[in-house]
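Assemble the complex: chain U is given as a structure, and chain X must be docked to it using the hints.
Residue numbers (my numbering), protein chains in the order written: chain U, 1 to 346; chain X, 1 to 346.
Check before you lean on any hint, since a few could be wrong.
Which copy is meant is left open, so a pair is good if it fits within one copy or across any two.
List of simulated lysine-lysine pairs, BS3-like, C-alpha gap at most 27 Å [stated by the list, open to error]:
#1 K142 to K68
#2 K104 to K254
#3 K112 to K5
#4 K320 to K180
#5 K5 to K298
#6 K259 to K66
#7 K180 to K259
#8 K320 to K183
#9 K338 to K144
#10 K298 to K24
#11 K144 to K68
#12 K227 to K259
#13 K15 to K338
#14 K180 to K298
#15 K5 to K108
#16 K251 to K15
#17 K251 to K227
#18 K55 to K298
#19 K298 to K196
#20 K298 to K68
#21 K320 to K68
#22 K24 to K251
#23 K55 to K66
#24 K298 to K15
#25 K5 to K244
For the record, the hints were derived by calculation from the structure and aren't laboratory data.
Listed below are the residues making up each chain.
Protein chains: 2
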Amino acid sequence: MMGCKYGSHRVIEPKGVLPQAAYKISNDMSVLYDNEILIDVIALNIDSASFTQLKEEAGGDPEKIKKKILEIVNERGKMQNPVTGSGGMLIGRVEKIGEALVGKRDLKVGDKIATLVSLTLTPLRIDEILDIKMDIERVEIKGKAILFESGIYAKLPEDMEETLALAALDVAGAPAQTAKLVKPGQSVMVLGANGKSGMLCCYEAKKRVGPTGKVIGVVRREEAKKKVEELDICHEVVIADAQKPLEVLDKVLKANGGKEVDIAINCVNTPNTEMSTILPVRDEGIAYFFSMATSFTKAALGAEGVGKDITMIIGNGYTKDHAEITLQELRENEKLRKVFEEMYAK
Amino acid sequence: MMGCKYGSHRVIEPKGVLPQAAYKISNDMSVLYDNEILIDVIALNIDSASFTQLKEEAGGDPEKIKKKILEIVNERGKMQNPVTGSGGMLIGRVEKIGEALVGKRDLKVGDKIATLVSLTLTPLRIDEILDIKMDIERVEIKGKAILFESGIYAKLPEDMEETLALAALDVAGAPAQTAKLVKPGQSVMVLGANGKSGMLCCYEAKKRVGPTGKVIGVVRREEAKKKVEELDICHEVVIADAQKPLEVLDKVLKANGGKEVDIAINCVNTPNTEMSTILPVRDEGIAYFFSMATSFTKAALGAEGVGKDITMIIGNGYTKDHAEITLQELRENEKLRKVFEEMYAK
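This is chain U alone, in the form it adopts within the complex (with noise of 0.2 Å):
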């Protein structure tokens, strides 16, 4: 039996919309459709903002961020946090893959994989929780999710720990974009370079500019700047505030010879950016707005207003081999990698 590629084949409430925007799927794992795959879950990495919410309504209580995880699941069919509406990730092993499925993917039962799809829209059903990493926000638990057609997962690596390759999967469609768009000798802005995205976008463009190109890190802080430095995976760094485009204008201008620069890439989560990463950008350039935090009206009405003629571009999670290439970026350089460990992998 074959569902929809999209997942609407499990909306119960309301019908007519896809898996995200439904309030419950089914999580009824006793019948596995064609096209999905029946994943043994190990532990769910639970969204940063989501998390939060759990932690302060439980008062920091374990026991009781457990039983309200496990009161939405049963209501919802996923892990959808009712407040902040976010979800997370998960991590486990292949138990079954679909008849439809079988020999077009490149997965095989009991391969470790992490979905990078929403839990919002991921079909989950969980027996027992095991335990809650209160620091890095993971939960440890026996259950069951399904991966639908249209779903995209990366198989763990062997060469490196979970941790740290979950960390580098969680934004991994803003340094391969990074590497699709940017062309040799270009120059390109990074705003917010020392942040988990910001840091591999830098080193992407890099490796991509080439020796003619530039690439201009910006950064809040004179820590921030050193850091970046250290790890030379900007041709500068400079120090702004990226919620004064002014600042950030004229500190880019004249890291760049006084030129405007061909691409701004935004991987800043803070509101209010939108213009910062506009004016820097030559005529006919790019921007590129990985930033949560972006307004949609501010980016299309800021750029009018300013009479900018630049392809704005929205960060999309997802484009063709991003974990590969995301995963790859760690192996190349042992310094971000380390740096990697020591944020992120704990």
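Below, chain X without anything else, positioned relative to chain U:
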């Protein structure tokens, strides 16, 4: 004396931001910077959201609306509605061109122009409100305004009614971007094909795809379908609810011989239409969001959730020559012009 290209020299409060983000800017017209243009204002076309709010607050009384507009402009130096945050545009005659811009603009003193940057960033002084045309949200005034160096404008054409030209210029970004994006032989879906920007995009797309391409218009109702069919601006028009992605996907695939489209253009001004734009697009295709109701996060997370490797573009209200491209459409197509005259040029 040169001012900032983006007008930051006129920002009074808070310091360091751009005029659009400022609470208060200087509307002192006794000083004209060398890279500014002084406009003798004829009328303000108030943004629809703003005008509706003003009208409601005033209980429909034109005198109270006048008073409120004067209050706002005296307080802020620009016509930015404090509740909606939105502005509008203005028309007027060029009174003086700053020395640094003489010969660098296709303008002379006396030319009648429409500013295509928002009133939310335009220094404005109102000396007197002459009349308010409630039905077309137009405020006729005596007053002055400033266009900054980066400010965009259009000379109002001699061969069409001012109201007609303004209606088209209001959405000029969309059809001009369509002209640049769409290539011969492509298949293009336009969501909201019967709206103001939708009709112009369809017409432009049909011209660009040529005899081997296909333009599929999506509308909500039978009546709209008939209207678009009579205009002959699509190869096929289908009826679907843009808030129901699976319905849109199904209808568009059928209309396109089972194939996903190369480009989707969203011109629907209702929320929750992101997935309807994303789902019908082929891998490596383009989703172009012109609707101001677009949610950045819904688009970003939505595409990832269904594993779609597409480029999602934020509709920039400006692209080079957008005014000329759009006005030309009305000149080329008699039927389209007639519909625009009847619907928007009252």
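### Message
Of the numbered hints stated earlier in the document, which are not met by this structure?
### Response
6, 9, 13, 21
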